[in-house]
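**Student:** Work out the full structure: start from the sequences and follow the hints.
Keeping their order, the protein sequence lines are chains X and W. Letter by letter, the first sequence follows residues 49 to 165 in the working numbering. Letter by letter, the second sequence follows residues 66 to 176 in the working numbering.
Note that these hints are calculated values from the structure, not bench results. Certain hints may be false.
DSS-like mimics (lysine-lysine), calculated; alpha carbons at most 27 Å apart, straight line [unchecked claim]:
no. : chain 1 : residue 1 : chain 2 : residue 2
1   : X       : K62       : X       : K119
2   : X       : K119      : W       : K114
3   : X       : K131      : X       : K105
4   : X       : K105      : W       : K114
5   : X       : K105      : X       : K62
6   : X       : K118      : X       : K105
Short, incomplete list of chain W residues facing chain X, as computed with Cβ under 8 Å [unchecked claim]:
no. : residue
7   : Y97
8   : Q107
9   : G108
10  : L109
11  : S160
12  : G161
No experiment lies behind these values; they were computed from the predicted model shown. Think of the CB as a built atom: it goes at the ideal place given N, C-alpha and C, for glycine as much as any other residue.
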Amino acid sequence: DGGITQSPKYLFRKEGQNVTLSCEQNLNHDAMYWYRQDPGQGLRLIYYSQIVNDFQKGDIAEGYSVSREKKESFPLTVTSAQKNPTAFYLCASSMRPLTSGGLNEQYFGPGTRLTVT
Amino acid sequence: AQSVTQPDIHITVSEGASLELRCNYSYGATPYLFWYVQSPGQGLQLLLKYFSGDTLVQGIKGFEAEFKRSQSSFNLRKPSVHWSDAAEYFCAVGSGNMLTFGGGTRLMVKP
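**Tutor:** This is the structure we're talking about:
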């Protein structure tokens, strides 16, 4: 079955600790994304990667870091610098568009709920 | 910059009644538009998308949406709601492989 997996589903950490969220896809997609979801605020883009070994900041990148060493994997680290890390984190992937300015739909993983106390 | 507004935060409908969820977007060119659905604690599932062509788009689970350029809208409709449709619905506009999401509309279904 092709899809996106995120682990773990629930994650608990103490304040001041870094934590890494896993995202793996077997859809052979080039592009991958990380979103943060807070109640009533929709999804906000943290980081995205269009190709291996390359990634760009999204709208709310401060306090987060990513790596893209393999096409299938795009882990997100929530650092101690993130002031309000408790949230639901969603990973997504998509095919690269065939034309400049084009777009393909994004496929989402099941999410990881992070609670920091 | 592109933006999406979903004016209704919560909507309650009776099972079997019709449904329309509103979505207004701001984008300079022809937009790529999407509707996603999210069940509690889950990821997002694509309901339908509009890229070009026919402005009435059919999706999964009996949903449809109509693109109206003059009104900058992409409203989601379903003629008869089922209890299993209770979820949160997100409209999104995209360009260059990037999506901007609205704040979502939570749908509750009364028996």
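**Student:** All hints, please: hold or fail.
**Tutor:** Structure-based check of all given hints:
no.: 1; hint: X:K62 <-> X:K119; result: violated, 31 Å
no.: 2; hint: X:K119 <-> W:K114; result: holds, 26 Å
no.: 3; hint: X:K131 <-> X:K105; result: holds, 17 Å
no.: 4; hint: X:K105 <-> W:K114; result: holds, 26 Å
no.: 5; hint: X:K105 <-> X:K62; result: holds, 25 Å
no.: 6; hint: X:K118 <-> X:K105; result: holds, 18 Å
no.: 7; hint: Y97; result: holds, 4 Å
no.: 8; hint: Q107; result: holds, 6 Å
no.: 9; hint: G108; result: holds, 4 Å
no.: 10; hint: L109; result: holds, 4 Å
no.: 11; hint: S160; result: holds, 6 Å
no.: 12; hint: G161; result: holds, 6 Å
The structure shown violates just one earlier hint, number 1.
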